[in-house]
Amino acid sequence: MSDQKKPSKLRRSLFTIFFMFAVTFVFIAVLSLIYVLTQDTIRLNESLVVKRSVLYVAGLEVPQTGIEADASYQERVEEVKNEDGEVLYYEILDPAGEQLQSYVVPVLGAGLWGEIESVVGVEKDLKTLTGIEFIKQNETPGLGGRITESWFKEQFRGKRWPLSVVPEGDPAGDQEFQAITGATNTTIAVRSILNERLARAEEVIQVSEQERQ
Amino acid sequence: MNSYKFRQVIKENVGINNPVFVQILGICSTLAVTNVLKNTVVMCAGLVFVTGLSNLTVSLLRKYIPGRIRMMVETLIIAAYVIIVDVVLKAFIPDISRQLGPYVGLIITNCIIMGRAEAFALSNPPALSLVDGLSSGLGYTYVLLIIAFLRELLGTGSIWGFRVLGDWWTNWNIMIMAPGAFFMLALFIWVVKGNFMKEKQGAAAAGASRAGSAGAPQTASAGGKS
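Line by line, the protein sequences give chains W and S.
This note's numbering applies: residue 1 is where the first sequence begins, and numbers increase by one.
This note's numbering applies: residue 1 is where the second sequence begins, and numbers increase by one.
Since the hints were derived computationally from the structure, they do not count as laboratory data.
You may find that some hints are simply not true.
What the hints assert, rightly or not - In silico lysine-lysine, DSSO-like type, Cα no more than 30 Å apart, as pairs:
(1) W:Lys153 - W:Lys81
(2) W:Lys159 - W:Lys136
(3) W:Lys153 - W:Lys124
(4) W:Lys136 - W:Lys124
(5) W:Lys136 - W:Lys51
(6) W:Lys159 - W:Lys127
(7) S:Lys90 - W:Lys153
(8) W:Lys51 - S:Lys38
(9) S:Lys11 - S:Lys38
(10) W:Lys136 - S:Lys63
(11) S:Lys63 - S:Lys11
(12) W:Lys81 - S:Lys90
(13) S:Lys90 - W:Lys51
(14) W:Lys9 - S:Lys63
(15) W:Lys124 - W:Lys51
(16) S:Lys193 - S:Lys38
(17) W:Lys9 - W:Lys51
(18) W:Lys153 - S:Lys38
(19) S:Lys90 - W:Lys136
(20) S:Lys193 - S:Lys11
With the sequences and hints as input, model every part of the structure.
Dropping the structure here:
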């Protein structure tokens, strides 16, 4: 601090910088190692989440183990991609693995707090839903977060879009689904995302079918 | 002498100087993750791991960390452990990791961790610091578990996702939202302070100042309240 201690002050400053550098280096090295060791598992987990969801919304059986789920995905699902390698939609094949049975489309849009990412299964008519699964959502836990509950997802099977909403617990018609009490905004978001995105998906699928013929 | 110190540290953190209901630290996560019991358990396990190990690491390095950058170093250490927790959850229990979403990353903002590193680990030996970190985590955990239990029960009529109350039960939606946590936490503090800490008021204050040499809990506010 005083003038005659200047060299030691400089040395202390250098030590401070060196120390921060060394500590950062060590921790980053350790974290990188852990990251490299686990990234395959994480990537596998993430792709399995999508594969399981596709099987689920197509109304197919979802096997317990990852390997089996992967195998039945390979067997029954055909990914249709655009030039950039993004999946536009999935084609679900019949049990023999030849004839087209139905489609699954990725559906995403704005929820109440963040993006809602889901996959939706539709019949060949592109109007009738075979199921829905939410892959990512940040809705209020316990309220909007209940969209991931099975009763909410299961009610979409066999419904036809455009959809509208009835209160939770009320009987819902062919083009209606039950809202979640206390989560009006999330329910409305789900409704408009579905209606909007399924209309777009219908066009995309028709165009790409025509191109292939 | 030594085992006395350990016992003292545990008693302080779990009881008379509990981070949640005495020091009122870590309140944001107390409000955020206590609406469903399962998430609370994973969150608390993560927090115990991070407080314990970050305290240990800071204590091991305490003689070398230059005073001016000690907070940077502490933050770095805490962040590293939080990332480890996040990566491990993603790799091995992806379902719960998906449910917790951003909350795991937010462990880093829990000021109990920073508070213990700053107030205790910087001036105490490693083993004692580890115990201090773990017991602070436990003191936080049991309070959160009680609050989460009550909130999930009243808010959704279920425990651990299983319905325990019959159809006659009307869910209290407010319990699931953040205000419900405020009410629950306030009630909890009221009950605890009213029934268990009455005559200990003086003792707690004395304990706090006495602990000054062993790392004063009241300086935990140096970590900032969040």
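A quick look at each hint next to the structure:
1. W:Lys153 - W:Lys81: Distance ~26 Å between Lys153 (chain W) and Lys81 (chain W) Cα, so the pair holds.
2. W:Lys159 - W:Lys136: holds, 22 Å
3. W:Lys153 - W:Lys124: holds, 20 Å
4. W:Lys136 - W:Lys124: Holds, because 26 Å separates the two Cα atoms, which is no more than 30 Å.
5. W:Lys136 - W:Lys51: Distance of about 14 Å is within 30 Å: holds.
6. W:Lys159 - W:Lys127: holds, 8 Å
7. S:Lys90 - W:Lys153: Within the cut-off at roughly 24 Å; holds.
8. W:Lys51 - S:Lys38: With Cα atoms ~25 Å apart, Lys51 (chain W) and Lys38 (chain S) stay inside 30 Å; holds.
9. S:Lys11 - S:Lys38: holds, 27 Å
10. W:Lys136 - S:Lys63: violated, 45 Å
11. S:Lys63 - S:Lys11: holds, 27 Å
12. W:Lys81 - S:Lys90: holds, 27 Å
13. S:Lys90 - W:Lys51: holds, 17 Å
14. W:Lys9 - S:Lys63: Distance of about 18 Å is within 30 Å: holds.
15. W:Lys124 - W:Lys51: Answer holds: Lys124 (chain W) to Lys51 (chain W) is near 20 Å, not above 30 Å.
16. S:Lys193 - S:Lys38: Satisfied, since the Cα-Cα distance of roughly 27 Å is no more than 30 Å.
17. W:Lys9 - W:Lys51: Cα-Cα ~60 Å, so violated.
18. W:Lys153 - S:Lys38: Given that 30 Å is the threshold and the Cα spacing comes to 21 Å, the pair holds.
19. S:Lys90 - W:Lys136: The given pair, whose Cα atoms are some 14 Å apart, holds under the 30 Å limit.
20. S:Lys193 - S:Lys11: holds, 16 Å
Of the hints listed earlier, those the structure fails to meet are numbers 10, 17, in rising order.
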